[in-house]
Amino acid sequence: MAIEVRIPTILRTYTGGEKSVEASGATLTALIDDLEGKHPGIKDRLIENGDLRRFVNLYVNDEDVRFTGGLETGLSDGDQVVVLPAVAGG
Amino acid sequence: MLTITSAIRDEIVAHAKRDHPDEACGIVAGPEGSDRAERLVPMINAAGSPTFYEFDSGELLALYKQMWANDEEPVVIYHSHTSTEAYPSRTDIGLASEPGAHYVLVSTREHGNSAGPVEFRSYRIIDGQVTEEEVHVTEAEPAAHQGAVADDPAHQHNQQNESE
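Residue numbers (this note's numbering), protein chains in the order written: chain A, 1 to 90; chain B, 1 to 164.
If you are wondering where the hints come from, they were derived from the structure by calculation, not from laboratory data.
Every residue, glycine too, gets a C-beta built ideally from N, C-alpha and C.
It cannot be assumed that every hint is accurate.
[Claimed, not checked] Interface residues of chain B toward chain A, partial, derived using beta-carbon atoms under 7 angstroms: (1) Glu54; (2) Phe55; (3) Leu60; (4) Ser107.
The whole structure should be built from the sequences, with the hints applied where relevant.
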């Protein structure tokens with residue numbers, strides 16, 4: 001099952017500079033574990049204490065996963081996942 | 001060094017004054033790899049706060065998709081401080097996630113919504129390291145947009161050369 005994951009500039013050090021990579025998983029949690037296997041270290045940049053980091057946005061087919069079940073959001077073949085760090089500050 | 005037109009600088013300053021006492025935020029996009037700050041995109045501060053800014057997550061995605069479609073990247077990411085100096089706060093440094101961008105800080109603490117000079121400063125923020133840089137303001141407009149010169153073959157030719 002191939003799912004395209006769009007990687008932001010700041011995390012491309014983990015993907016050898018690739019802007020997008022393929023991964024698989026029936027849920028976001030599984031997908032992120034699969035990503036971690038291929039690109040070690042990336043999971044820690046997305047997840048903190050078992051939850052999505054506050055200032056990381058994940059989208060599945062353009063929907064912010066905070067509104068679709070978070071890390072338990074289900075995935076199907078051909079879905080598009082986008083990772084975008086929040087643009088925020090004080 | 002950040003090079004920016006006076007027109008775009010003035011729009012950023014006007015946005016900051018308009019939104020004072022809340023923080024204003026936005027980006028200036030430009031062609032990937034060009035370092036040209038060409039397309040101003042003022043954003044709504046979803047935090048609506050005098051001490052914090054954050055792009056709305058849906059608008060953030062729409063913005064990035066538009067930039068990807070145009071082969072653009074964020075050349076400038078700007079926001080205002082409304083009661084402190086135009087220097088990145090600890091939060092700004094911790095959350096900075098575009099190592100290629102110029103982080104522009106504007107301070108409206110002196111004049112608020114009124115006319116008057118504002119601090120306008122630019123920084124690189126990479127791996128928690130802040131480096132201030134010179135701001136070079138030009139009067140020239142950035143390269144003419146396609147469409148505006150579409151009827152003029154000479155201009156079209158020039159534009160093609162530029163994009164190569």
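**Report entry** In rising order, the numbers of the hints this structure does not comply with
**Finding:** Result: hint 4 breaks, nothing else.
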